[in-house]
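2 protein chains.
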Amino acid sequence: VSKKKLAIGADVGGTYSKIILADEAGRILADTQIETQASRGPKKFLRRLADAAISLQRQSGLRAKAIGLGIAGDVDSEAGKLRFSPNLKPFSGFPLRRTLQSYLHLRTAVENDANAAAWGAFVCELKRRPLNMACVTLGTGVGGGLVLNRKLFRGSTGSGGEIGHMCVEADGALCHCGARGCLEAYMGSYGLTGAAEKLMSGPSGRKSLLHRAPGGKLTPQAITDAALKGDAVAKAVWKMGGYYLGLGIASLIYLLNVDNVVIVGGVSKAGRLILDPVIKVLRSKPFQAPLKHARIRIGQKPHLGALGAALLGLEER
Amino acid sequence: VSKKKLAIGADVGGTYSKIILADEAGRILADTQIETQASRGPKKFLRRLADAAISLQRQSGLRAKAIGLGIAGDVDSEAGKLRFSPNLKPFSGFPLRRTLQSYLHLRTAVENDANAAAWGAFVCELKRRPLNMACVTLGTGVGGGLVLNRKLFRGSTGSGGEIGHMCVEADGALCHCGARGCLEAYMGSYGLTGAAEKLMSGPSGRKSLLHRAPGGKLTPQAITDAALKGDAVAKAVWKMGGYYLGLGIASLIYLLNVDNVVIVGGVSKAGRLILDPVIKVLRSKPFQAPLKHARIRIGQKPHLGALGAALLGLEER
Numbered sequence: 001v002s003k004k005k006l007a008i009g010a011d012v013g014g015t016y017s018k019i020i021l022a023d024e025a026g027r028i029l030a031d032t033q034i035e036t037q038a039s040r041g042p043k044k045f046l047r048r049l050a051d052a053a054i055s056l057q058r059q060s061g062l063r064a065k066a067i068g069l070g071i072a073g074d075v076d077s078e079a080g081k082l083r084f085s086p087n088l089k090p091f092s093g094f095p096l097r098r099t100l101q102s103y104l105h106l107r108t109a110v111e112n113d114a115n116a117a118a119w120g121a122f123v124c125e126l127k128r129r130p131l132n133m134a135c136v137t138l139g140t141g142v143g144g145g146l147v148l149n150r151k152l153f154r155g156s157t158g159s160g161g162e163i164g165h166m167c168v169e170a171d172g173a174l175c176h177c178g179a180r181g182c183l184e185a186y187m188g189s190y191g192l193t194g195a196a197e198k199l200m201s202g203p204s205g206r207k208s209l210l211h212r213a214p215g216g217k218l219t220p221q222a223i224t225d226a227a228l229k230g231d232a233v234a235k236a237v238w239k240m241g242g243y244y245l246g247l248g249i250a251s252l253i254y255l256l257n258v259d260n261v262v263i264v265g266g267v268s269k270a271g272r273l274i275l276d277p278v279i280k281v282l283r284s285k286p287f288q289a290p291l292k293h294a295r296i297r298i299g300q301k302p303h304l305g306a307l308g309a310a311l312l313g314l315e316e317r
Numbered sequence: 001v002s003k004k005k006l007a008i009g010a011d012v013g014g015t016y017s018k019i020i021l022a023d024e025a026g027r028i029l030a031d032t033q034i035e036t037q038a039s040r041g042p043k044k045f046l047r048r049l050a051d052a053a054i055s056l057q058r059q060s061g062l063r064a065k066a067i068g069l070g071i072a073g074d075v076d077s078e079a080g081k082l083r084f085s086p087n088l089k090p091f092s093g094f095p096l097r098r099t100l101q102s103y104l105h106l107r108t109a110v111e112n113d114a115n116a117a118a119w120g121a122f123v124c125e126l127k128r129r130p131l132n133m134a135c136v137t138l139g140t141g142v143g144g145g146l147v148l149n150r151k152l153f154r155g156s157t158g159s160g161g162e163i164g165h166m167c168v169e170a171d172g173a174l175c176h177c178g179a180r181g182c183l184e185a186y187m188g189s190y191g192l193t194g195a196a197e198k199l200m201s202g203p204s205g206r207k208s209l210l211h212r213a214p215g216g217k218l219t220p221q222a223i224t225d226a227a228l229k230g231d232a233v234a235k236a237v238w239k240m241g242g243y244y245l246g247l248g249i250a251s252l253i254y255l256l257n258v259d260n261v262v263i264v265g266g267v268s269k270a271g272r273l274i275l276d277p278v279i280k281v282l283r284s285k286p287f288q289a290p291l292k293h294a295r296i297r298i299g300q301k302p303h304l305g306a307l308g309a310a311l312l313g314l315e316e317r
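Quick note, the sequences are listed as chains G and S, same order. Under my numbering, residues 1 to 317 are what the first sequence spells out, in order. Under my numbering, residues 1 to 317 are what the second sequence spells out, in order.
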């Protein structure tokens with residue numbers, strides 16, 4: 001049994017919430033999952049989350065000192081509230097921290113999920129070594145978090161780290177945010193599948209393996225599988241996505257001169273299919289010094305969002 | 001006579017160096033200028049700079065407690081050295097701080113000029129109020145500096161704040177750094193004059209006032225003068241530059257969620273000709289919260305680089 005301080009972390013998604021019990025070094029000692037059921041309201045969700053946290057501790061015979069929530073949306077971490085989230089609308093404005101604290105009597109952190117993942121990557125992937133790092137989260141959307149001077153950097157109103165809405169192509173592809181040319185419009189899962197569909201319907205896309213994607217569903221995973229089988233369309237999609245991701249990461253490094261960039265999230269499982277074109281862009285830039293200094297890697301540990309949330313719980317006073 | 005702490009600040013350029021004596025509130029009490037004469041070497045330059053600093057104090061009857069240098073180039077502010085500068089090659093690697101300290105026996109700071117300007121803008125334009133701010137310097141090149149959590153943020157190796165090399169247009173215009181699509185390629189003075197030349201040679205550019213620019217020299221100032229007289233080409237150039245600057249500033253705000261952006265440097269004298277298209281871009285983005293929070297302004301005080309350097313001198317222990 002670990003003698004280290006323990007904490008519960010939850011990665012609260014629109015459909016499911018992943019819950020873990022971890023030690024301060026980032027080792028996961030137990031984990032479970034509940035349905036979020038946002039439509040039933042925040043109070044019922046927090047009650048079930050508290051019950052799951054209590055069960056996790058009871059079953060493992062371990063005791064947590066803190067709990068942290070990572071939530072997709074605009075989070076006011078000082079107030080412990082979710083300001084707004086498209087996927088968790090009923091939770092908006094509710095005093096999440098105060099309520100959860102009244103249920104569990106633990107130190108409680110409420111944080112944006114990408115910020116939580118950044119903190120998880122900083123502690124668990126990079127062992128708190130770098131002075132400055134950025135984390136890019138690749139999923140339906142593209143998000144991110146920043147750790148500057150070894151502290152989570154939230155910006156002035158807690159909205160910092162929105163790497164996915166950096167413009168990489170003036171008047172480019174349409175993003176879910178409504179603007180054009182955002183990194184997310186190319187590297188978000190819908191940007192990738194949209195690009196694949198376009199190529200599949202073109203003259204050289206007729207024979208693409210992607211027409212026979214499992215279940216007829218075009219996903220980043222299906223594009224990865226096809227690319228690994230040598231499919232030209234699938235390879236072109238990752239090359240395009242990685243190119244734009246490389247441009248965004250280069251801009252970020254020029255601005256922040258970070259030591260490390262860690263790429264995480266479901267879509268990052270494509271691994272070298274993403275990393276190779278990213279590194280190609282970074283090496284192609286003549287102004288090399290800050291780019292050469294920064295190490296780019298794909299996060300290897302699972303559940304970095306829940307882990308980071310747990311660790312942020314331990315940082316609360 | 002000010003009872004506040006005083007400092008000398010120098011903005012060291014490729015041709016001239018501006019030298020000021022200021023108080024800790026950023027009031028300039030005396031100023032002078034010397035030729036940099038970089039080719040004669042750093043020691044001779046620092047000797048003449050020290051002499052000018054002594055004269056400034058003697059003539060004004062005031063005594064400085066510190067001195068700060070703002071230098072265009074890659075500065076190692078911890079070591080007090082210029083790593084490299086295209087315009088001050090003979091100074092590269094020379095122990096600037098140690099040598100100047102041995103001449104004047106004052107607390108001495110050596111800083112990148114855009115970082116110094118950012119600090120000057122933070123203290124003198126914004127009275128240290130914002131938690132987070134960015135400064136964009138517009139001149140031949142486009143640079144910048146960041147003040148995060150009310151401290152100058154230099155990045156991991158002192159190269160942070162390179163706003164001008166953020167990519168705003170994949171595979172776009174050629175930048176002096178050798179890459180394509182950097183903000184500087186559009187908004188650096190050469191990007192602006194290059195765009196003007198293109199438009200002037202086009203069918204609707206024949207009658208542009210810019211063909212009669214004073215001394216036949218196409219400069220940002222000449223483009224401003226023509227735009228204020230209603231010249232269509234000149235107006236289009238500022239609209240284009242401001243559009244790309246707006247895209248870069250929007251990316252910066254999404255990433256860092258700053259309270260303020262201050263635009264400074266010679267080219268910023270175009271004022272509203274730049275600010276209007278920048279604000280138009282920021283207002284056009286549907287994801288508004290962080291953009292709406294940030295206030296954009298053009299710096300009004302002269303010599304912010306020298307001022308910031310002086311104030312950074314006072315911050316040295």
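You may find that some hints are simply not true.
In this list, chains with the same sequence are indistinguishable; a pair is considered to hold if it fits within one copy or across any two.
[Claimed, not checked] When the alpha-carbon atoms are kept at most 27 Å apart in a straight line, the in silico DSS-like pairs for lysine-lysine are as follows: (1) K292 - K89; (2) K217 - K5; (3) K151 - K292; (4) K44 - K235; (5) K127 - K151; (6) K5 - K198; (7) K207 - K235.
FYI, nobody ran anything at the bench for these hints, they're computed from the structure.
Evaluation of the provided hints:
1. Taking identical chains as interchangeable, the C-alpha atoms of K292 and K89 lie at most 27 Å apart only when they sit on different chains, with a minimum of 22 Å there against 42 Å within one chain.
2. Taking the shortest Cα distances, K217 and K5 never come within 27 Å of each other, neither inside one copy (43 Å) nor across copies (69 Å).
3. Within a single copy, K151 and K292 get their C-alpha atoms as close as 23 Å, and across copies as close as 25 Å, so both meet the 27 Å cut-off.
4. Taking the shortest Cα distances, K44 and K235 never come within 27 Å of each other, neither inside one copy (45 Å) nor across copies (58 Å).
5. Taking the closest pair of Cα atoms, K127 and K151 come within 27 Å of each other both inside a single copy (13 Å) and across two copies (25 Å).
6. Taking the shortest Cα distances, K5 and K198 never come within 27 Å of each other, neither inside one copy (51 Å) nor across copies (65 Å).
7. Proximity of K207 to K235 under the C-alpha cut-off of 27 Å is restricted to the intra-copy arrangement: shortest distance 14 Å within a copy versus 50 Å between copies.
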